[in-house]
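Asker: Model the full structure from these sequences, guided by the hints.
Chains S and W, in that order, are what the protein sequence lines are. With numbering that gives the first Met the number 0, you'll find the first sequence wraps up at 152, consecutive numbering, no jumps. With numbering that gives the first Met the number 0, you'll find the second sequence wraps up at 152, consecutive numbering, no jumps.
Do not rely on the hints blindly, as some may be mistaken.
Copies of the same chain look alike in the list, so a pair counts if it works inside one copy or between any two.
Here are the simulated SDA-like pairs of lysine to any residue, each with C-alpha atoms no more than 20 Å apart in a straight line [stated by the list, open to error]:
#, residue 1, residue 2
1, Lys44, Ser121
2, Lys44, Ser54
3, Lys85, Thr141
4, Lys119, Phe145
5, Lys50, Phe104
6, Lys117, Leu129
7, Lys119, Val69
8, Lys44, Arg58
9, Lys117, Pro138
10, Lys117, Gln43
11, Lys85, Phe105
To be clear, the hints were calculated from the coordinates, so they are not data collected in a lab.
2 protein chains.
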Amino acid sequence: MAKRISHQKSMCGVARPLDAIGDWWSLLIIRDAFDGLRRFGEFQKSLGLAKNILSARLRNLVSHGILDTVPASDGSPYQEYVLTAKGRGLFPVLVALRQWGEEFFFEPGEQHVTLVDKEKGSPVQRLRLLAEDGRLLGPTDTVITFPEAVVAD
Amino acid sequence: MAKRISHQKSMCGVARPLDAIGDWWSLLIIRDAFDGLRRFGEFQKSLGLAKNILSARLRNLVSHGILDTVPASDGSPYQEYVLTAKGRGLFPVLVALRQWGEEFFFEPGEQHVTLVDKEKGSPVQRLRLLAEDGRLLGPTDTVITFPEAVVAD
DNA sequence: ATATATCGGTTGCAAGTTGAAACCACAAGA
DNA sequence: TCTTGTGGTTTCAACTTGCAACCGATATAT
Numbered sequence: 000m001a002k003r004i005s006h007q008k009s010m011c012g013v014a015r016p017l018d019a020i021g022d023w024w025s026l027l028i029i030r031d032a033f034d035g036l037r038r039f040g041e042f043q044k045s046l047g048l049a050k051n052i053l054s055a056r057l058r059n060l061v062s063h064g065i066l067d068t069v070p071a072s073d074g075s076p077y078q079e080y081v082l083t084a085k086g087r088g089l090f091p092v093l094v095a096l097r098q099w100g101e102e103f104f105f106e107p108g109e110q111h112v113t114l115v116d117k118e119k120g121s122p123v124q125r126l127r128l129l130a131e132d133g134r135l136l137g138p139t140d141t142v143i144t145f146p147e148a149v150v151a152d
Numbered sequence: 000m001a002k003r004i005s006h007q008k009s010m011c012g013v014a015r016p017l018d019a020i021g022d023w024w025s026l027l028i029i030r031d032a033f034d035g036l037r038r039f040g041e042f043q044k045s046l047g048l049a050k051n052i053l054s055a056r057l058r059n060l061v062s063h064g065i066l067d068t069v070p071a072s073d074g075s076p077y078q079e080y081v082l083t084a085k086g087r088g089l090f091p092v093l094v095a096l097r098q099w100g101e102e103f104f105f106e107p108g109e110q111h112v113t114l115v116d117k118e119k120g121s122p123v124q125r126l127r128l129l130a131e132d133g134r135l136l137g138p139t140d141t142v143i144t145f146p147e148a149v150v151a152d
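Answerer: See the structure below:
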C-alpha cells in the first residue's frame, strides 16, 4: 500500500505528508470531512469513487491518524469517520490548494463557489506567511534550513 | 495520463489543482524548483526517481503551465525548467504542507530543517487565514459557497 | 416467515500506471 | 578515436486502479 519512498533525502517536511495524503482521493475525502461528511456512503456518493478504493483510502487515513473511527452516532450499527486533530491540521493545506485553484484554474468571471467567512459571508483573504516580526514573506524571502539561534543582526 | 475525473461535483477549486499536481512526485519537483533546481539531472539526482517518470512529470507540469522550459542559461545545449507565475502561486501550498508535516510527522525534539525568514534566520509564523475584516479564521469559521449568498439567521 | 433493500464493505479481474534498467542521440574531452 | 556526461525514450515486469459482482448484517415490506 505504501508508495514506498526509499529516498531518505526526500523524507523532509514536505515528503512525509505526501506519504500520508499524497494520493489524489485522500485530500478530497478530507475536504468532504471538513464539510461534515462522516459516513462511508456519504463519501462514496459525494466523490463517486469505487468502494474498494474508498475503503482502502479510509483505512489508510485512519492508520495515519488523520481520521478516526467512532462507533456510531445515530443508532445505526455502523461507524463514522471523523477528523482527528492531525486531520484538522490540514485545513491550511486545503485552503492553500483551493485559493491556488481559484486563482489559476477558473476563467476570469467563471462562476464558482469560494471560501467565505461564515459570520459575515464575505470572502476570506489569501493565506499569509509572516516572519516572526510580522513582515509578509514570499517565496524568495525564505529558505529551508536549521533555524539560527542568532539574535544579533 | 490524466487521472480522468469524471465527476462534475468534485471539479471544485480543490479538485482542479489536484488534477494538475495530484501525484506524489509533482509537488516534490516543484519544491525543488523553489529551491533553485532547474535542470533535468538536478531534479533526478535530488529526487531519485526514474528518468522516464521525471520526464513525464516535467512534461505534465509544463503542459499545465506550472513550469516553463527556457532554452539554456549557461552555454549547455539543453533546456531548463523554471516556475511560472502559476507555479510560484503554489508557494502557500508547499508551506502549508511543510508546516503540517513539521507539526505532526516529527517526534518532539527530532531535529529537522524548517522554513526560516531569509533575512533574519528566524522561523516563520504559521500560515494565517484572515477574514476580510482581519479576524483569524479556523476550519469551523468558514463555509464554501457563493460570496454574499449567506442568509441571516 | 419470506422477500427485498440498504449499508459497509471484500473479492476478482481487466486495464492502466509505475519504475528499474537498457538503450539512444548529442556534445565535450582525452 | 574512445570515453564520459547530459537528457532523455523504450521496454517490460510489477503494482495500482476501478468496475462489477458478491457478501453478511440489519431493516422494512408482504
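Asker: Next step is simple, just say for each hint if it's right about the structure.
Answerer: Hints versus structure:
1. Lys44 - Ser121: Neither. Shortest intra-copy (29 Å) and inter-copy (46 Å) distances fail the 20 Å Cα cut-off.
2. Lys44 - Ser54: The answer is within: 13 Å in one copy meets 20 Å, while 36 Å across copies does not.
3. Lys85 - Thr141: Cα proximity of Lys85 and Thr141: across copies only (19 Å, versus 25 Å in one copy).
4. Lys119 - Phe145: between (40 Å within a copy, 12 Å between copies)
5. Lys50 - Phe104: neither (29 Å within a copy, 29 Å between copies)
6. Lys117 - Leu129: between (24 Å within a copy, 12 Å between copies)
7. Lys119 - Val69: Neither, since 33 Å and 45 Å both go past 20 Å.
8. Lys44 - Arg58: For Lys44 and Arg58, the Cα distance is within 20 Å only inside one copy (18 Å; across copies 33 Å).
9. Lys117 - Pro138: Answer is between; shortest inter-copy Cα gap is 10 Å, intra-copy 30 Å.
10. Lys117 - Gln43: For Lys117 and Gln43, neither the intra-copy (26 Å) nor the inter-copy (45 Å) Cα distance is at most 20 Å.
11. Lys85 - Phe105: Intra 30 Å, inter 12 Å, cutoff 20 Å: inter-copy only.
In the structure shown, a violation is registered for the earlier hints numbered 1, 5, 7 and 10, in ascending order.
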